[in-house]
Amino acid sequence: DAGITQSPRHKVTETGTPVTLRCHQTENHRYMYWYRQDPGHGLRLIHYSYGVKDTDKGEVSDGYSVSRSKTEDFLLTLESATSSQTSVYFCAISDSIAKNIQYFGAGTRLSVL
Amino acid sequence: AQTVTQSQPEMSVQEAETVTLSCTYDTSESDYYLFWYKQPPSRQMILVIRQEAYKQQNATENRFSVNFQKAAKSFSLKISDSQLGDAAMYFCAYTTSGTYKYIFGTGTRLKVLA
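Protein chains in written order, with our numbering: chain A, 80 to 192; chain B, 13 to 126.
So here's chain B without its partners, still in its complex pose (with noise of 0.2 Å):
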């Protein structure tokens, strides 16, 4: 069964500094699809970043971006430059091509400390 792994329960960051991220999945898939979902205090599900497994180029979207280790199924998230209003809890997915489910992490919440 494919599973999704997120360790850190909880991250912090000074404000400006960068942090990562990590998420890890199992599949014996070969297309899927991974991606970073951001929940602020709002409960508002945003879509960060989304990764193509057949694409080796990583994913950037502004001051976030991926490193997509395909053979080690690790998909962390690097937010650069944070910003007070990138704490949230983040949730990483996965889901395989052709299909409807998302499978998620138990997520990670981030503080960004002024």
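Bound-form chain A, shown alone (with noise of 0.2 Å):
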């Protein structure tokens, strides 16, 4: 399995909190990624990260921001909570885009009350 450490696992925060979900590597893979899951929708792309300091939009990004200051962590940030923001967190990484294939984390539960 790939080592890919998500933490929290769950969390249950208010409405206006801030929130910060850790994904932590030991693969040193370039990509990173963090998808939400809900029912209906299948997994969808928040933002990834192709190095150091280099991250972009995916296709949820707005109430979202990311950051990538080592190889090994991408943080997720919902600056102010909404309950629109209850979801399952996803963070996948990948070593090359040739070969495509993305492992995941084992996610996190997170409840916005």
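Derived lysine-lysine pairs resembling DSS-like cross-links, with alpha carbons at most 25 Å apart: (1) B:Lys113 - A:Lys136; (2) A:Lys149 - B:Lys113; (3) B:Lys113 - B:Lys85; (4) A:Lys132 - B:Lys113; (5) A:Lys136 - A:Lys90.
Cβ pair distances, simulated, as ranges: (6) B:Asn74 - A:Gly82: 18 to 26 Å; (7) A:Asn107 - B:Ile58: 18 to 26 Å; (8) B:Gln26 - A:Lys132: 47 to 55 Å; (9) B:Leu96 - A:Val167: 22 to 30 Å; (10) B:Ser40 - A:Asp133: 25 to 33 Å; (11) B:Ala13 - A:Glu158: 23 to 31 Å; (12) B:Lys113 - A:Lys132: 18 to 26 Å; (13) A:Ser144 - B:Thr111: 18 to 26 Å; (14) A:Gly95 - B:Ala84: 46 to 54 Å; (15) B:Glu22 - A:Asp133: 38 to 46 Å.
Bear in mind the hints are in silico, worked out from the structure with no lab data behind them. All values derive from a computational prediction rather than experimental measurement. C-beta: ideal position from N, C-alpha, C; glycine also.
Take the two lone chains and join them into the complex the hints point to.
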């Protein structure tokens, strides 16, 4: 299994509070991704990173920001959480575009009350 | 825009029988990749099988095989000799060569009956 750790695994928070989810990898892979999973939508890309300090927006980026200061860590921040951001969040990594295989972390279940 | 459609929200199969999950996609690209991921109740996303569009031969991985029909833009997953451990959500995914982004279908929940 790819060495990907997401923390926390579960979190309950209140509307309006900031939340940061962490993805840590031990594979030294260049590319990292954040997805959210909602019923009826599958997984949708929030943001991705193609190197340290190199990030870009995905399909559903509004309300989210990311940072990557080290190869191994990719942080997802909800500046002011809303109930619509209640979801399961997955981090993924890949070592090259050519292989196009993404490996996923175990997910974080976030509830915004 | 590229899309991935899984039209079967739920399927059931008897243990030891064969089941086929459907996936269609829409793209104007010629070079792309297709995947099936399994998500058991543990929530972990597990890669089941991968198909390169330029390969005519259908990919197989043990009991899992695909029927890739490029002209029809169809990519179905066949599970043979179904086992209780196959019960899970199955997601079809697409990506083009040289890009970072996966597009997922909405998933098919597979139930395996003992």
